[in-house]
Amino acid sequence: MAETKSQTPKLDELEKGRWPSFVKEIKTAAQKSPMAADLLGQLELSYNEKIGHWKHGGIVGVMGYGGGVIGRYSDVPDKFPNVSHFHTIRINQPAGWFYTSDALRKLCDIWERHGSGLTNMHGSTGDIIFLGTSTPHLEPIFSELTQAGFDLGGSGSDVRTPSCCVGPARCEWACYDTLALAYDLTMNYQDELHRPAFPYKFKFKMSGCPNDCVASIARADCSIIGTWRDSIQMDKDAVREYADRGMDIRSEVVDNCPAKCMDWDGKELHIDNSYCRRCMHCINIMPKALRPGKDRGAVVLLGSKAPIIEGALLSSVLMPFIKIEAPYRQIKDVIERIWDLWCEEGKNRERIGEFIQRVGLGNFLEAIDVEPVAEMVAHPRENPYVFYEEYFVEDEEEEKK
Amino acid sequence: MPEAMQERLTDIGPPHYEKFLPPVIKQNYGKWKYHEVLKPGVMVHVSETGAKLFTVRAGSPRLVSTDKIRKYAELADKYCDGFLRFTSRHNVEFLLTKQENIDPLIKDLKALGHPVGGLQNSISSIVHTQGWIHCHSAATDASGIVKAVMDELADYFETMVLPGKLRIALACCLNMCGAVHCSDIAILGIHRRPPKIDHDNLHKTCEIPSVSASCPTAAIRPATVGGKPSVEVIEERCMFCANCYTVCPSMKLNDPLNDGVSIWVGGKVSNARHEPMFSKLAIPFLPNNPPRWPEVTDAVKNLVELWAKNARKYERMGEWIERIGWPRFFKMAGIEFRKEHIDDFKHAGLTFKRSTHLNY
Ligand code: HEM
Ligand code: HEM
Ligand code: SF4
Ligand code: SF4
Ligand code: SF4
Ligand code: SF4
Chain A
2 MAETKSQTPK LDELEKGRWP SFVKEIKTAA QKSPMAADLL GQLELSYNEK IGHWKHGGIV
62 GVMGYGGGVI GRYSDVPDKF PNVSHFHTIR INQPAGWFYT SDALRKLCDI WERHGSGLTN
122 MHGSTGDIIF LGTSTPHLEP IFSELTQAGF DLGGSGSDVR TPSCCVGPAR CEWACYDTLA
182 LAYDLTMNYQ DELHRPAFPY KFKFKMSGCP NDCVASIARA DCSIIGTWRD SIQMDKDAVR
242 EYADRGMDIR SEVVDNCPAK CMDWDGKELH IDNSYCRRCM HCINIMPKAL RPGKDRGAVV
302 LLGSKAPIIE GALLSSVLMP FIKIEAPYRQ IKDVIERIWD LWCEEGKNRE RIGEFIQRVG
362 LGNFLEAIDV EPVAEMVAHP RENPYVFYEE YFVEDEEEEK K
Chain B
98 MPEAMQERLT DIGPPHYEKF LPPVIKQNYG KWKYHEVLKP GVMVHVSETG AKLFTVRAGS
158 PRLVSTDKIR KYAELADKYC DGFLRFTSRH NVEFLLTKQE NIDPLIKDLK ALGHPVGGLQ
218 NSISSIVHTQ GWIHCHSAAT DASGIVKAVM DELADYFETM VLPGKLRIAL ACCLNMCGAV
278 HCSDIAILGI HRRPPKIDHD NLHKTCEIPS VSASCPTAAI RPATVGGKPS VEVIEERCMF
338 CANCYTVCPS MKLNDPLNDG VSIWVGGKVS NARHEPMFSK LAIPFLPNNP PRWPEVTDAV
398 KNLVELWAKN ARKYERMGEW IERIGWPRFF KMAGIEFRKE HIDDFKHAGL TFKRSTHLNY
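Residue numbers (our numbering), protein chains in the order written: chain A, 2 to 402; chain B, 98 to 457.
If you are wondering where the hints come from, they were derived from the structure by calculation, not from laboratory data.
None of these values were measured; they are calculated from a predicted model.
Each residue gets a CB set at the ideal place from its N, CA and C atoms; glycine is no exception.
Wrong hints could be hidden among the right ones.
[Said to hold, decoys possible] Here's a subset of chain A near chain B, in silico, CB distances under 8 angstroms, partners left out: (1) Gly97; (2) Pro169; (3) Lys333.
Starting from the given sequences, assemble the full structure and let the hints guide the process.
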């Protein structure tokens with residue numbers, strides 16, 4: 002029933018052009034779904050008025066879960082009754098975003114029975130997003146999803162769906178098994194993921210090497226980025242092959258090394274690995290000749306977030322190097338200590354990065370029982386306002402506590 | 098329809114990824130030795146065992162119908178024994194073992210309207226958020242701008258002629274759901290006017306204590322207006338986060354006269370060469386001009402082409418600007434430097450020029 006109430010000249014314009022068109026996608030869905038048809042109509046209204054027409058509403062969800070569904074309501078329901086409720090569902094993606102065609106078709110079947118037929122593959126958190134359904138459909142969707150082997154992702158003040166790069170499944174640079182760690186943490190923290198109990202959201206993202214393909218350093222409360230401790234593996238013949246095939250090794254590789262720890266004498270490439278910063282540039286440029294070393298693990302960093310409230314942050318180093326091996330106790334122990342502290346002392350809507358800024362990294366480390374090391378700072382403090390908690394007092398033998 | 102209600106499963110988590118890995122990946126997991134980009138959007142990974150895996154990467158609007166997903170599934174069945182994946186930037190990747198299937202697959206993808214590319218020194222798909230499609234706090238639309246910009250830049254997706262990688266991202270308000278703040282070019286929706294309070298209805302629709310408590314900067318306090326209980330906003334304190342509108346529909350933040358788009362440049366997340374950097378403000382405000390946002394597409398295209406023409410090989414936008422200096426960047430880009438460009442938030446002093454390293 003393609004009951005198109007609205008003419009959509011503005012959106013039609015976006016069916017043209019070289020890039021695949023989301024308007025075509027909505028129109029395709031609208032042939033079967035009155036919801037998608039009204040979405041198109043409401044969006045055209047937004048394009049005419051230059052303003053959105055959604056409002057947040059009461060909390061909606063499935064029984065026993067505190068997250069995974071985002072309630073959304075139209076503020077012009079009289080004009081577009083089929084989107085008066087238009088909730089999104091977040092579904093936990095398989096690690097590395099791998100699928101079989103059969104699995105995708107099962108998801109499509111469920112969504113065509115119960116929603117608009119529109120999706121995001123994927124949302125910026127990493128989840129599969131089903132865009133647009135109404136409250137009575139939520140329980141049926143949930144039970145059909147779980148029968149098909151899928152579960153909801155996180156939303157609200159909980160562990161958000163962990164996500165990871167393609168890792169050892171297809172990348173020679175993966176310094177640890179990102180998929181295995183993402184899956185393990187997701188399964189281990191199901192309760193924290195489905196039942197919000199934190200001051201605010203907490204995101205894990207895993208990248209297998211410092212190229213950081215999932216942007217973990219910019220958008221995860223806990224960023225786990227692969228690296229290595231020993232020397233870059235080099236195939237000297239392959240280096241010469243790059244040179245013979247016309248690569249200017251000096252200008253393209255050596256001069257771009259941020260550590261200035263490389264040299265090329267026209268025949269042989271030398272790397273002083275003790276100064277190498279593990280930036281990946283030379284490896285990216287000569288993947289056949291250079292590879293990360295063999296003693297591999299990861300850097301664990303904490304605290305990145307977008308600007309709201311206290312300004313944007315990048316994650317900073319917590320553990321300069323750890324081995325990543327199942328059952329990952331080292332990471333879990335420190336994360337659980339951090340959660341305990343943050344749940345106790347964190348303010349409502351305070352991300353872990355903001356919490357650390359408020360209490361001070363030094364105090365934070367003390368509270369979670371981690372020794373400070375120089376790798377944690379870009380440079381030591383520049384101001385002399387050191388707050389000493391202990392000092393000597395005359396006539397007392399011992400240091401005052 | 099399945100009778101699924103007998104047993105209610107919960108907390109089962111996502112399917113195990115191994116179920117979805119093609120045999121060639123299972124056999125060579127962790128054994129990949131090197132890869133080569135064969136042509137735009139096509140790469141081969143070679144394993145220590147000698148096995149080869151071909152990947153074809155195609156762009157996508159991210160917002161896709163189930164019909165489109167079924168088409169992807171059909172192509173995967175036809176060429177890849179049913180295996181495919183998606184990338185962190187919303188691209189779809191087909192995983193092939195038969196090299197002879199590459200060109201027929203590309204032909205089918207193009208017939209479906211999906212360009213193939215996004216590898217190496219190219220633009221990948223634009224990470225973006227919901228906009229007017231789904232979010233209540235959006236200061237602009239996301240999908241529409243992305244479509245309009247990528248229509249202009251599609252050549253750079255389908256070729257590898259740029260000096261380095263170029264990552265564009267869009268967020269429709271400063272919550273920045275897509276964490277766009279570390280992109281070569283970030284397109285960010287901005288509100289410029291504090292919420293307009295509907296005093297007649299606020300007391301009927303919202304709880305006043307929770308409205309005041311919702312504001313992260315404590316800009317909202319209870320007040321009596323026209324004899325009715327309501328709230329007032331200390332306007333200088335508002336940073337347009339839409340929290341109040343989230344809890345109370347009578348605090349409408351969206352405003353067609355003042356909402357629009359800002360452009361930020363020079364961020365990166367990868368550690369290659371330079372450390373990760375935030376994007377910095379280039380253009381404080383451009384109007385919302387749907388459906389094609391010509392002011393925004395022109396500005397982005399101008400920045401891309403300026404960088405492409407002037408950067409050294411591998412130099413990302415931020416590395417290039419750091420080398421030439423911001424004054425020259427503003428001059429070359431033809432962007433007027435204004436008061437809005439100067440930071441006045443916490444630690445703003447660290448962003449002032451504190452040396453005589455200037456060129457003329
Ligand atoms: C006051 C603060 C915030 C509010 C009110 C807020 C609100 C929202 C809402 C309503 C959505 C759902 C959009 C939709 O599907 O309709 C959303 C999605 C999201 N938010 Fe936020 N957000 C806030 C802060 C943040 C921050 C600081 C980050 C990142 C560090 C973030 C990351 C995300 C992500 C990744 C999504 C998924 C977006 C997508 O898949 O396109 N949010 N947020
Ligand atoms: C030619 C060398 C490189 C190859 C073969 C490569 C490989 C990959 C792979 C396999 C992905 C998909 C990851 C996933 O979705 O899980 C990816 C995505 C990405 N890589 Fe790299 N990487 C390379 C160099 C780099 C460099 C040097 C940077 C940054 C300067 C970088 C930044 C990114 C980003 C931002 C993404 C997300 C792009 C997308 O999904 O379309 N990569 N890369
Ligand atoms: S982050 Fe590193 S290991 Fe992971 S896909 Fe990207 S390049 Fe490969
Ligand atoms: S990885 Fe980076 S720092 Fe290390 S040698 Fe290569 S270019 Fe230099
Ligand atoms: S960036 Fe802002 S407007 Fe866009 S989806 Fe996120 S909260 Fe909504
Ligand atoms: S938009 Fe945010 S900062 Fe402004 S009044 Fe509302 S809650 Fe406060």
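Chain B contact restraint for glycine 97 of chain A - C-beta distance below 8 angstroms: This hint holds: glycine 97 of chain A lies near chain B, its Cβ roughly 6 angstroms from the closest one there, short of 8 angstroms.
Per-residue hint verdict: lysine 333 of chain A, partner chain B, C-beta under 8 angstroms: violated, 16 angstroms
Minimum Cβ distance from proline 169 of chain A to chain B below 8 angstroms? Nearest chain B Cβ about 4 angstroms off; hint holds.
In terms of the numbered hints stated before, the structure departs from hint 3 and from no other.
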